[in-house]
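Peer 1: Below are the chains, spelled out letter by letter.
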Amino acid sequence: MSLDPEAKLAELGLKLPEASKPVAAYIPTRIVGNLLWVAGQVPIVPGADGKPQVLFKGAVPGQVTIEQAQQCAKQCVLNGLAAVKSEIGSLSCVRQVVRVGVFVCSEAGFTEQPKVANAASELLVQVFGPAGQHARAAVGSIALPLGAAVEVEFLFEIDPECPR
Amino acid sequence: MSLDPEAKLAELGLKLPEASKPVAAYIPTRIVGNLLWVAGQVPIVPGADGKPQVLFKGAVPGQVTIEQAQQCAKQCVLNGLAAVKSEIGSLSCVRQVVRVGVFVCSEAGFTEQPKVANAASELLVQVFGPAGQHARAAVGSIALPLGAAVEVEFLFEIDPECPR
Amino acid sequence: MSLDPEAKLAELGLKLPEASKPVAAYIPTRIVGNLLWVAGQVPIVPGADGKPQVLFKGAVPGQVTIEQAQQCAKQCVLNGLAAVKSEIGSLSCVRQVVRVGVFVCSEAGFTEQPKVANAASELLVQVFGPAGQHARAAVGSIALPLGAAVEVEFLFEIDPECPR
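Chains as they are written, first to last, in the working numbering: chain A, 42 to 205; chain B, 42 to 205; chain C, 42 to 205.
Here chain A stands alone, though its shape is the one from the complex (with noise of 0.2 Å):
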């Protein structure tokens, strides 16, 4: 890549979220080689309180919009790069993105998952360029963590000769 990823998001106006720490008693990642799994993220921010709150909760249409999911997609990929960057120390060391799997909390009937997964798969294209073009699952599911309206996992393809 010719640009560098992190200065593509300042670029989109985007800033990586502190990488937060899982709800649960697992690990956000785990290397092998130079494939780099992520743990299923979801769309945690900063409250106005200072506290760690999701974006939107709930089963999209009804009570979440897929505008609304779209944007729950685009902050689990980057709460995912702030998992990457806090592992591999910059998402420079990124060489590929591999495969992304996309849960979104759905009513029955709900058939647009790909719109909503479109967001995350269209920024991941947008930081990391044609390396950020992946394999995808995009699948309907009854219910999520925290209630989140989306949950993304991702795997990476890095360069073995980063720092670790």
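Calculated directly from the structure, the hints in this document are not laboratory data.
Check before you lean on any hint, since a few could be wrong.
It does not matter which identical chain is meant; a pair holds if it fits inside one copy or across any two.
Unchecked claim - Quick list of in silico lysine to any residue cross-link-like pairs, SDA-like style, CA-CA up to 25 Å: (1) K156 with I68; (2) K49 with I129; (3) K98 with A51; (4) K115 with G188; (5) K62 with E153; (6) K115 with L187; (7) K156 with F97; (8) K156 with Q104; (9) K156 with A66; (10) K62 with A172; (11) K62 with E198; (12) K62 with A123; (13) K126 with Q104.
With chain A held as given, fit chains B and C onto it using these hints.
Peer 2: This is chains B and C only, laid out in the frame that chain A set:
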């Protein structure tokens, strides 16, 4: 494998469709080393008017029967194999199927996701022989993209010497 | 790891079950290089009559309590570890747990999938120590195979020099 997988498909009276474009902002396949991820496939077929359409829509078993969902699962395999062939030129470059993820659009209380997923698993074994066997996760989903009754994603091991 | 994982299991008063046959046309494990995928496990236990039965069936929290679902999650881990041992001979050949996918059969509005999944995650850390930590995706599912309250799939890194 002694038998060419594409010859096997022909022997089974099956034909790979044209590799279809993803319905969204992602790519059908991603390779790292000898691993090839295939994006979640829905059972899209060419309609009577030539336009792509989803084979069966809705939840099993009320709106879609188990048999219809099995047809969907098989079509997902064909669509996934078309994506593989489009990426690496030949199904003979597949060393083994590694993991298959099957999402079955389900009514609450439906518990026969394995029966549906078996249609996908069995087709892979028919085509690739023992190399077609795989680890699998099959689960119910409240709703899937385009209303599809089934979505299947794949992970293959490929011959790293195959042309790309 | 300084402690043998199987000794640790015994110390916890836990016993690996017999590796069970998949309920369908797939295999319990697949290896590529030093990665070992384990198929989605449901909480099957030997029944009073010796026949396998599912520990708890139905959705959390109405039909199955969180505590019961946690028991299911632990049983899925034991069943998954039995599959690993059956494939590579010894749990000492596990280098680390990489990724765990947890599906919790959920009523709409149930948001404590992490609490359920923690039972699986914590058991893995008890058994393998820090090497048992992992990236994780935990989501709700409308329905699971055999009516199981929980399904868990696993990805392990193994010692490539272990016998197979």
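Peer 1: None of the hints should be skipped; say for each whether it holds.
Peer 2: Here's how the hints hold up against the structure:
no., hint, result
1, K156 with I68, "between (29 Å within a copy, 15 Å between copies)"
2, K49 with I129, "within (18 Å within a copy, 32 Å between copies)"
3, K98 with A51, "neither (27 Å within a copy, 42 Å between copies)"
4, K115 with G188, "both (17 Å within a copy, 24 Å between copies)"
5, K62 with E153, "between (30 Å within a copy, 17 Å between copies)"
6, K115 with L187, "both (17 Å within a copy, 22 Å between copies)"
7, K156 with F97, "both (17 Å within a copy, 20 Å between copies)"
8, K156 with Q104, "both (17 Å within a copy, 24 Å between copies)"
9, K156 with A66, "between (31 Å within a copy, 9 Å between copies)"
10, K62 with A172, "between (27 Å within a copy, 18 Å between copies)"
11, K62 with E198, "both (22 Å within a copy, 23 Å between copies)"
12, K62 with A123, "within (11 Å within a copy, 31 Å between copies)"
13, K126 with Q104, "neither (33 Å within a copy, 41 Å between copies)"
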